[in-house]
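Peer 1: As a plain string of letters, each chain reads:
There are 2 protein chains.
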Amino acid sequence: MSKDRLIYLPLGGAGEIGMNCYVYGYGAPGKERLIVIDLGVTFPDMDGAPGVDVIMPDIAWLEERVDRIDAIFITHAHEDHIGALGHLWPKLKKKVYARRFTATIGRLKMEEAGLPTDAIITVDPRPKVVEAGPFKVQFLPVAHSIPESAALIIDSPAGRVVHSGDFKLDQSPVVGEPWNDAAWEAVAAERPVKALMCDSTNVFSTHQGRSEATLAGPLTELISKATGMFVATTFGSNVARLKTLAEAARASDRSICVLGRSMKRMLSVAEQTGVLAGFPRVISPEEALEIPRRNLMLLVTGSQGERRAASAALSRGKYLGFEMKAGDSFLFSSRTIPGNERGVIKIWNAFSEMGVRIIDDNNGLYHVSGHANRPDLEHVHRLLLPDMLVPMHGEHRHLAEHTRIAHEAGIAGAVAVNGTMMDITGEAPRAVEFIETGRLYLDGSVLISAMDGVVRDRIRMALNGHALVTLILDEKNDPMGDPWVELMGLTDLGKGGRPLNETIEGDLAEYMARAGRKVLRDDARLEEEIRKVTRQVAMEEIGKKPEVTVVISRLVAE
Amino acid sequence: MSKDRLIYLPLGGAGEIGMNCYVYGYGAPGKERLIVIDLGVTFPDMDGAPGVDVIMPDIAWLEERVDRIDAIFITHAHEDHIGALGHLWPKLKKKVYARRFTATIGRLKMEEAGLPTDAIITVDPRPKVVEAGPFKVQFLPVAHSIPESAALIIDSPAGRVVHSGDFKLDQSPVVGEPWNDAAWEAVAAERPVKALMCDSTNVFSTHQGRSEATLAGPLTELISKATGMFVATTFGSNVARLKTLAEAARASDRSICVLGRSMKRMLSVAEQTGVLAGFPRVISPEEALEIPRRNLMLLVTGSQGERRAASAALSRGKYLGFEMKAGDSFLFSSRTIPGNERGVIKIWNAFSEMGVRIIDDNNGLYHVSGHANRPDLEHVHRLLLPDMLVPMHGEHRHLAEHTRIAHEAGIAGAVAVNGTMMDITGEAPRAVEFIETGRLYLDGSVLISAMDGVVRDRIRMALNGHALVTLILDEKNDPMGDPWVELMGLTDLGKGGRPLNETIEGDLAEYMARAGRKVLRDDARLEEEIRKVTRQVAMEEIGKKPEVTVVISRLVAE
Numbered sequence: 001m002s003k004d005r006l007i008y009l010p011l012g013g014a015g016e017i018g019m020n021c022y023v024y025g026y027g028a029p030g031k032e033r034l035i036v037i038d039l040g041v042t043f044p045d046m047d048g049a050p051g052v053d054v055i056m057p058d059i060a061w062l063e064e065r066v067d068r069i070d071a072i073f074i075t076h077a078h079e080d081h082i083g084a085l086g087h088l089w090p091k092l093k094k095k096v097y098a099r100r101f102t103a104t105i106g107r108l109k110m111e112e113a114g115l116p117t118d119a120i121i122t123v124d125p126r127p128k129v130v131e132a133g134p135f136k137v138q139f140l141p142v143a144h145s146i147p148e149s150a151a152l153i154i155d156s157p158a159g160r161v162v163h164s165g166d167f168k169l170d171q172s173p174v175v176g177e178p179w180n181d182a183a184w185e186a187v188a189a190e191r192p193v194k195a196l197m198c199d200s201t202n203v204f205s206t207h208q209g210r211s212e213a214t215l216a217g218p219l220t221e222l223i224s225k226a227t228g229m230f231v232a233t234t235f236g237s238n239v240a241r242l243k244t245l246a247e248a249a250r251a252s253d254r255s256i257c258v259l260g261r262s263m264k265r266m267l268s269v270a271e272q273t274g275v276l277a278g279f280p281r282v283i284s285p286e287e288a289l290e291i292p293r294r295n296l297m298l299l300v301t302g303s304q305g306e307r308r309a310a311s312a313a314l315s316r317g318k319y320l321g322f323e324m325k326a327g328d329s330f331l332f333s334s335r336t337i338p339g340n341e342r343g344v345i346k347i348w349n350a351f352s353e354m355g356v357r358i359i360d361d362n363n364g365l366y367h368v369s370g371h372a373n374r375p376d377l378e379h380v381h382r383l384l385l386p387d388m389l390v391p392m393h394g395e396h397r398h399l400a401e402h403t404r405i406a407h408e409a410g411i412a413g414a415v416a417v418n419g420t421m422m423d424i425t426g427e428a429p430r431a432v433e434f435i436e437t438g439r440l441y442l443d444g445s446v447l448i449s450a451m452d453g454v455v456r457d458r459i460r461m462a463l464n465g466h467a468l469v470t471l472i473l474d475e476k477n478d479p480m481g482d483p484w485v486e487l488m489g490l491t492d493l494g495k496g497g498r499p500l501n502e503t504i505e506g507d508l509a510e511y512m513a514r515a516g517r518k519v520l521r522d523d524a525r526l527e528e529e530i531r532k533v534t535r536q537v538a539m540e541e542i543g544k545k546p547e548v549t550v551v552i553s554r555l556v557a558e
Numbered sequence: 001m002s003k004d005r006l007i008y009l010p011l012g013g014a015g016e017i018g019m020n021c022y023v024y025g026y027g028a029p030g031k032e033r034l035i036v037i038d039l040g041v042t043f044p045d046m047d048g049a050p051g052v053d054v055i056m057p058d059i060a061w062l063e064e065r066v067d068r069i070d071a072i073f074i075t076h077a078h079e080d081h082i083g084a085l086g087h088l089w090p091k092l093k094k095k096v097y098a099r100r101f102t103a104t105i106g107r108l109k110m111e112e113a114g115l116p117t118d119a120i121i122t123v124d125p126r127p128k129v130v131e132a133g134p135f136k137v138q139f140l141p142v143a144h145s146i147p148e149s150a151a152l153i154i155d156s157p158a159g160r161v162v163h164s165g166d167f168k169l170d171q172s173p174v175v176g177e178p179w180n181d182a183a184w185e186a187v188a189a190e191r192p193v194k195a196l197m198c199d200s201t202n203v204f205s206t207h208q209g210r211s212e213a214t215l216a217g218p219l220t221e222l223i224s225k226a227t228g229m230f231v232a233t234t235f236g237s238n239v240a241r242l243k244t245l246a247e248a249a250r251a252s253d254r255s256i257c258v259l260g261r262s263m264k265r266m267l268s269v270a271e272q273t274g275v276l277a278g279f280p281r282v283i284s285p286e287e288a289l290e291i292p293r294r295n296l297m298l299l300v301t302g303s304q305g306e307r308r309a310a311s312a313a314l315s316r317g318k319y320l321g322f323e324m325k326a327g328d329s330f331l332f333s334s335r336t337i338p339g340n341e342r343g344v345i346k347i348w349n350a351f352s353e354m355g356v357r358i359i360d361d362n363n364g365l366y367h368v369s370g371h372a373n374r375p376d377l378e379h380v381h382r383l384l385l386p387d388m389l390v391p392m393h394g395e396h397r398h399l400a401e402h403t404r405i406a407h408e409a410g411i412a413g414a415v416a417v418n419g420t421m422m423d424i425t426g427e428a429p430r431a432v433e434f435i436e437t438g439r440l441y442l443d444g445s446v447l448i449s450a451m452d453g454v455v456r457d458r459i460r461m462a463l464n465g466h467a468l469v470t471l472i473l474d475e476k477n478d479p480m481g482d483p484w485v486e487l488m489g490l491t492d493l494g495k496g497g498r499p500l501n502e503t504i505e506g507d508l509a510e511y512m513a514r515a516g517r518k519v520l521r522d523d524a525r526l527e528e529e530i531r532k533v534t535r536q537v538a539m540e541e542i543g544k545k546p547e548v549t550v551v552i553s554r555l556v557a558e
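These protein sequence lines are chains A and B, in that order. full-length UniProt numbering applies: residue 1 is where the first sequence begins, and numbers increase by one. full-length UniProt numbering applies: residue 1 is where the second sequence begins, and numbers increase by one.
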């Protein structure tokens, strides 16, 4: 049928860095068969979502079309690509395809959520093909900061799409397959690439990306010169980095001890799936405590300053028997993600107080990024020569810049943020529909929509404090006693040192005395008036208008 | 008297960057005459102090010794040095000495707070001497990112101290006096320097600092090549930068319009006090709106992403008739202070959506720091050759690094964080007392202590939500009706879609039915039990334990 079309729809990850979720569809408009790429999370902060555990894309659009979904694919096991699996899978209940390492992590997530682990299918890389409705999908191995990341080669009757996933050009990635120009050229030679959906994270980095292997020399030198205990943190999933660090430690006669659940789990899955071989022996905390500090290297979680991770715990004092001391070294083999600076700097200063030497990435000497930089992106554009490019995995500014680069190279391209459905059947991407997208919050054990107002109320209480007014009326609508005021998150004393709640109570009692019968019998109006008086008095007394909750109790004759 | 001693005590700014306040004292131990240097503020964030307007040092220690204070000195007019003047001066009520520009800003602050402006005394720079008790103080002009910054030469019977204030080595600062080695050498030649208290902000910047004058060329080139409207933001107090930007705009045939109250005020005070001459003519917003975009340059506030400043307002849409359009350029001639990244990036992305070209400092091409870098600090150490160095104006890691540098150069030095009283009478600094220091929050119109728990309660409500339980008991302590639950910042529905408040009410009613007489007549115990049940039910239903406020009303026979 000539009217069939190929569509692309990001539901998360386009216009932000985090919670990736992309949809491809093929078929008659409105009846396309769909596949879903990645189900990721993003992390909340106090400014935007206080008290929330984790944020994920709102997939209501997919839920309403669940019978049109043929499969879910996961490109790699970073939380921003797989983290929502246990929370969102029950809404879709489709087969999930991934490479071995990713699939293993996926099954652990399903197990923890009490979901069937056999929903996850392990797939070998290209030339292995997964058929999903009108789509044929292959996993093309790429280097990234986690084992077995993959680009997806997505074939449809309308042409071939390459979905890059997260990747970098690394010819010596320490763990996993090196970058191979020929393999990418072969993809385009086999069938012309209609569209490239491409990682945009590092589009503003103008130098060529560096290989993971360049770190071994500097890290070995750094660690061999250290005197006391040496502690290093990086993402627990960066198994290649852990290997480099561990080998540098061994070269300096240090035994290695790993602290932090997520890091141990990643190492264990990496060994179990065969992606990591020859990792030096790791000793237990108990054994480590018996070893001279000079002969010890701890690998720990918490490179982003996470409050509950091992780095932060060590910065607060003793942790699992370990304690940082003057003369020890602490290396952040990582880059601080924008927004996490405060937490990281807090840890640095705590270590500084202990006399610990703090080492950061030292302008890339001790850390390299897992994403392709701008010249690398341009190289990939040239290898694939796609008809069009739609940037993904970036904030708006990244997507806009990446599109500009494509245009400069004569490639059609467009910015498609979350919710923008692009028809990519023709020569250039064309926005055809805008889907209302949003965010789901995991809050305790409940998923709530970002639009519910729950979190907005929390932010308001945090900014303004909360005043509670209770009053009791009898069956004739006469007040019984005076209104009672409790304050939370507000100062006790107002002007002239008078207790604030008493001042408000006094003014409310006066108000009640003059309130008309009509107001007294109307809960909504009475509540509104009480709220108004409370806010006015607080404004005069302390210069703030609190949130106000009014509870009116009416006694009825028994 | 041989027992007299010279002391130094930071109350703010040492162990943090912000809210500077330092005390020097001379006399018999416990009876020293005191002078205060700077009364600054720092800015709150959602993580630490939601809803708070501004944070300042708790000066309780000074208040208790107010009759021993001889004077207050302000080094320069940045908010982290002068911002608390209007709030804290009433607690001290001493003469305040500052150079003309700073004094003028200080008087405006006093006026706004309804305080006597004649408490502020304008002082000419060295050789002019201010006598304050046993101290003789001179203002030594230094370059910084605001006009008329000064180091203080503090002479006491125990020797000469140099308090650097914030400074950089700039031989062509565009506005104000160029750096002059000879002037600093003369200070040490005139009388040996016992102690240098020194700015540590840029101790980790290993290259020599660059002059403000280096920006004129690149900025002129950038602005002349821009096509649409050109907007630039920087700190409103960076009058030299504003002048460079304005001159670059004039060279490109652009008229200049200034948006943002604080920036206008700084420019006006700078012109009025004679520190700024030859600033190009500024036009009003009304005039500006009549001019072709290509011929317009806006200078706006909000370089740190402040929500209410002009940059953020323009990123949200129309502001004072101005609207950013595709093809316009927006320059951040500034560095983002750690912690402000989220706000700044939000603005970048909003502009990106509008098609505006965003330009950041471009690795220093369009911005230079106002603080001395490490080689510059070392240069100053060599010029003054102090007996000892006590670093200030830095987080712990900055102070520790600066101390290390001093030690390497053979200078005695020690880290003194807020509250550490150092005896600097001898050859080396010696900690003699630890004062409990803290922070005061301006919250609305009230000053509250960080220790009061008010802000802690706000954070708890933001993280956990707030449940309010009201119940009424009659004169016999029998419940009248069932407990009533209102929720704020919590999801409406619990497990199985049941309304959460009704589930809690049901369980509370059951509890009340079985509660013993002893509990029912004891408000404290009843409240505790109600709180416990509420938190348990919420945990089961939604996986969160809310803050709970219980209001028990007891009806008494009339």
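Rather than coming from a laboratory, the hints here were simulated on the basis of the structure. All of these numbers come straight from a predicted model, not from anything done at the bench. Treat the hints loosely; a few may be bogus.
Because identical chains share one entry, a pair is satisfied inside a single copy or across any pair of copies.
What the hints assert, rightly or not - BS3-like cross-link-like pairs, simulated, lysine-lysine; straight-line CA separation at most 25 Å:
1. LYS3 with LYS225
2. LYS3 with LYS495
3. LYS544 with LYS495
4. LYS91 with LYS495
5. LYS532 with LYS91
6. LYS518 with LYS532
7. LYS93 with LYS128
8. LYS495 with LYS93
9. LYS91 with LYS544
10. LYS91 with LYS128
11. LYS91 with LYS325
12. LYS31 with LYS136
13. LYS264 with LYS95
14. LYS95 with LYS225
15. LYS476 with LYS264
16. LYS95 with LYS3
17. LYS318 with LYS545
18. LYS3 with LYS318
Peer 1: Now tell me, hint by hint, if it's right for this structure.
Peer 2: Taking the hints in turn, this is what the structure says about them:
For the homomeric pair LYS3 and LYS225, neither the shortest alpha-carbon distance inside one copy (67 Å) nor that between copies (47 Å) is at most 25 Å. Taking the shortest Cα distances, LYS3 and LYS495 never come within 25 Å of each other, neither inside one copy (73 Å) nor across copies (45 Å). For the homomeric pair LYS544 and LYS495, the shortest alpha-carbon distance inside one copy (12 Å) is at most 25 Å, but the shortest distance between copies (37 Å) is not. In this assembly of identical chains, the alpha carbons of LYS91 and LYS495 lie at most 25 Å apart only when taken from different copies (17 Å versus 55 Å within one copy).
Taking CA atoms no more than 25 Å apart as the test, LYS532 paired with LYS91 passes in neither setting, with 44 Å inside one copy and 34 Å between copies. In this assembly of identical chains, LYS518 and LYS532 lie within 25 Å of each other by CA distance solely inside one copy; the values are 17 Å within and 39 Å between copies. In the homo-oligomer, the alpha carbons of LYS93 and LYS128 lie at most 25 Å apart inside one protomer (23 Å), although the nearest pairing across protomers, at 81 Å, exceeds that limit. For the homomeric pair LYS495 and LYS93, the shortest alpha-carbon distance between copies (21 Å) is at most 25 Å, but the shortest distance inside one copy (60 Å) is not.
For the identical chains of this complex, LYS91 and LYS544 are inter-copy neighbours only, at 23 Å across copies versus 44 Å inside a copy, given an alpha-carbon limit of 25 Å. Taking CA atoms no more than 25 Å apart as the test, LYS91 paired with LYS128 passes in neither setting, with 28 Å inside one copy and 77 Å between copies. In this assembly of identical chains, LYS91 and LYS325 lie within 25 Å of each other by CA distance neither inside one copy nor across copies; the values are 50 Å within and 41 Å between. Taking CA atoms no more than 25 Å apart as the test, LYS31 paired with LYS136 passes inside one copy only; the shortest distance there is 18 Å, against 85 Å between copies.
In this assembly of identical chains, the alpha carbons of LYS264 and LYS95 never lie at most 25 Å apart, being 28 Å within a copy and 62 Å across copies at closest. Taking the shortest alpha-carbon separations for LYS95 and LYS225, neither the intra-copy value of 51 Å nor the inter-copy value of 54 Å comes in at or below 25 Å. For the identical chains of this complex, LYS476 and LYS264 are neighbours neither inside a copy (68 Å) nor across copies (60 Å), given an alpha-carbon limit of 25 Å. When the C-alpha separation of LYS95 and LYS3 is checked against a cutoff of 25 Å, the pair qualifies neither within a copy, at 28 Å, nor between copies, at 83 Å.
In this homomeric assembly, LYS318 and LYS545 never come within 25 Å of each other (Cα to Cα): the closest approach is 43 Å inside a single copy and 28 Å across copies. Proximity of LYS3 and LYS318 under a CA criterion of 25 Å is satisfied in neither setting, with 66 Å inside one chain copy and 42 Å between copies.
Hint compliance for this structure: hints 1, 2, 5, 10, 11, 13, 14, 15, 16, 17 and 18 are broken, all remaining hints hold.
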